[in-house]
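Peer 1: One letter stands for each residue in the lines below.
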Amino acid sequence: MSRTGANRRRLVFGTGVIVLAVLLPLYAGEYTVTTFTRIIYFGFLALSVGMLVGQAGMVSLTQTAFFGLSGYVIGLLGTERGMPFPLRDLIAIGAVLITALVFGLIAMRTHQIVFLMITLAFGQICWAFAQQNTSLLHGWAGIRGIRPPTILGVNFGRTSNFYWAALFIIAIGIYTLRRLIHSPFGLALNGIRENPRRMSALGYPVYWIRVASFLVAALYAGVGGILAAYSTGIVTPTTMQLSRTIWVLLTVILGGASYFWGPIVGTIIAVWLDVLISQGTARYNTVIGFIFLMTVLFLPGGVLSIAEFFRDRANNPLLDRIFRLKSGEKNK
Amino acid sequence: MESVRGTGTEEHSSKDALVLTSITKSFGGVRAVSSATLTVPVGERHALIGPNGAGKTTLFNIVTGELAADSGKIEILGIDITRSSVRERAKLGLGRTYQISQVFTNLTVEESLFLAAAAEQTMQFLNPWRKSAKVVNLAHEAAEQVHLTSYLQRRVSELSHGAQRQLEVGMAIAMRPRLIMLDEPAAGLSPFERLSLTKLIKSLPRSVTLILIEHDMDMVLDTADRITVLQHGAVIAEGIPAEIRTNQKVQEIYLGNFYA
Ligand SMILES: Nc1ncnc2c1ncn2[C@@H]1O[C@H](COP(=O)(O)OP(=O)(O)O)[C@@H](O)[C@H]1O
Ligand SMILES: [Mg+2]
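Protein chains in written order, with the working numbering: chain A, 1 to 332; chain B, 333 to 592.
Source of the hints: derived by calculation from the structure; they are not laboratory data.
It should be emphasised that the depicted structure is a prediction, and the values quoted were computed from it without experimental measurement.
Any given hint could turn out to be false.
[What the hints assert, rightly or not] Okay, the calculated bits of chain B under chain A, using three or more residues with CB under 8 Å as the criterion:
#1 403 to 415
#2 418 to 424
#3 460 to 466
#4 575 to 582
We put the CB at the ideal spot given by N, CA and C, even for glycine.
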């Protein structure tokens with residue numbers, strides 16, 4: 001049976017990836033492990049954006065603000081005032097959820113371009129506040145010296161320990177998000193993406209479903225922000241600046257916004273490109289921009305659409321022409 | 333179609349499914365609906381006819397709450413819903429289809445019908461929707477009724493125009509409404525599809541009230557108990573098919589296109 005065959009292949013592949021990921025600190029160097037930790041916390045941010053863009057059809061430019069906010073709360077309460085784990089972390093998540101609720105109640109009344117503008121404004125307000133507030137947030141300098149906790153004698157300040165903790169947390173995050181997306185709630189989000197008018201007429205509380213999805217997305221961004229603060233040790237206005245927001249959005253599109261694994265695959269590619277290119281060339285932004293342009297041109301559905309794309313390449317005039325030229329067919 | 337929405341919570345003893353009193357709506361200078369009054373008893377099959385631009389769709393949008401009337405009163409099943417939201421009206425058992433299909437282009441037929449059937453259920457957040465056997469069954473039943481069973485796993489965007497129109501009706505039926513409003517459901521259907529749609533309409537239980545906007549007079553005369561004729565937003569005639577057929581004003585509008 002081809003279906004069970006495909007299932008088995010998927011199982012083998014999945015198990016292989018999990019084993020490789022779990023054993024990473026045993027066979028890879030510290031730098032590689034740190035890079036994968038970076039993939040995990042940006043992965044959370046990408047899942048946040050990906051859920052809104054791919055599942056709910058809402059392009060939000062606020063998610064990075066939640067990512068930064070939770071980091072700031074950890075820094076302010078933990079590093080500067082000595083509040084212990086896990087209280088500061090729970091307060092950080094609480095702060096993110098309350099802020100997201102306030103933003104959400106306003107933003108979810110709007111659609112499309114207005115939604116884009118209002119989330120942009122929210123994000124920019126947070127960024128500007130962090131940058132201008134010197135008394136509490138120390139302006140551009142931000143908060144430094146954020147340390148992961150030691151829990152039950154295990155020091156999560158060690159790169160490998162922290163990586164394992166982060167991996168465990170994102171595994172839970174991915175599993176939960178998958179359940180959520182395949183639930184009636186997830187399907188309702190897709191319905192709202194496709195046709196909010198029809199969803200209202202069917203009797204769905206469209207506004208509240210959107211608010212709920214915004215809260216879930218903010219939670220993911222917030223968790224990513226906590227991990228990032230611990231891993232890098234600092235949080236500054238740069239953590240939530242617009243270029244970061246755009247980078248995450250591009251990452252999600254690169255991987256494939258409509259695929260569950262799109263945000264994760266996009267993040268893996270983008271972070272490694274980041275690492276490799278910034279080591280190799282000064283024209284970093286040019287190279288990244290070029291790669292992104294190529295992806296959008298040839299794989300508008302993202303990297304994960306590659307299989308589907310080859311299946312119906314006839315629909316893409318550009319690639320169809322290239323393939324015909326190659327195989328020597330005449331284009332009439 | 334045995335159980336319908338809104339049952340259990342309150343028993344609506346009203347004998348009228350829909351009562352419209354002096355509904356008026358203008359778009360800028362255009363008076364789309366002009367002091368329209370209409371009563372549809374529970375169980376009636378009521379047709380709303382009239383030339384293009386008469387205000388039929390606008391009236392539907394006012395009843396469902398997608399447009400607010402400038403003045404007038406709307407009651408569904410004895411409840412004043414003039415100020416209620418679209419969602420509240422749907423919860424009371426109001427289901428509709430659209431003249432211009434409002435479908436979920438990138439979802440499958442099964443997913444679309446599931447959404448329609450699940451709308452009145454308590455929202456589930458972590459259990460897979462495919463595992464909600466009861467709702468999936470309701471969705472499949474609706475697919476059966478509109479002859480889309482073999483298309484369940486197809487994306488809506490892959491369906492023909494006719495099949496999308498059938499899905500429109502299927503989604504409204506999957507809601508199990510008490511008052512169902514169809515806006516030109518036969519537009520773009522083949523003669524065969526029209527016949528099966530007519531059969532479907534006639535097979536709806538009499539606990540369900542139906543209001544039908546339709547230009548296909550065979551279908552109207554075959555299904556309607558009563559007919560209301562709208563012109564320039566105003567009700568110009570109302571009665572049983574035989575009365576409408578012989579009505580002088582109606583004959584003038586339809587210039588002999590209408591069965592005399
Ligand atoms: N959203 C709108 N904005 C402006 N004018 C509208 C709008 N909707 C309908 N109209 C106008 O109202 C009148 C009635 O339209 P409609 O209700 O669609 O008629 P019908 O469904 O009977 O063909 C038409 O003159 C139409 O142009
Ligand atoms: Mg119309």
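Peer 1: Hint by hint, say whether it matches the structure.
Peer 2: These are the hints, each one checked on the structure:
1. 403 to 415: violated (count 0)
2. 418 to 424: Answer holds; 4 residues pass the 8 Å Cβ test.
3. 460 to 466: holds (count 4)
4. 575 to 582: violated (count 0)
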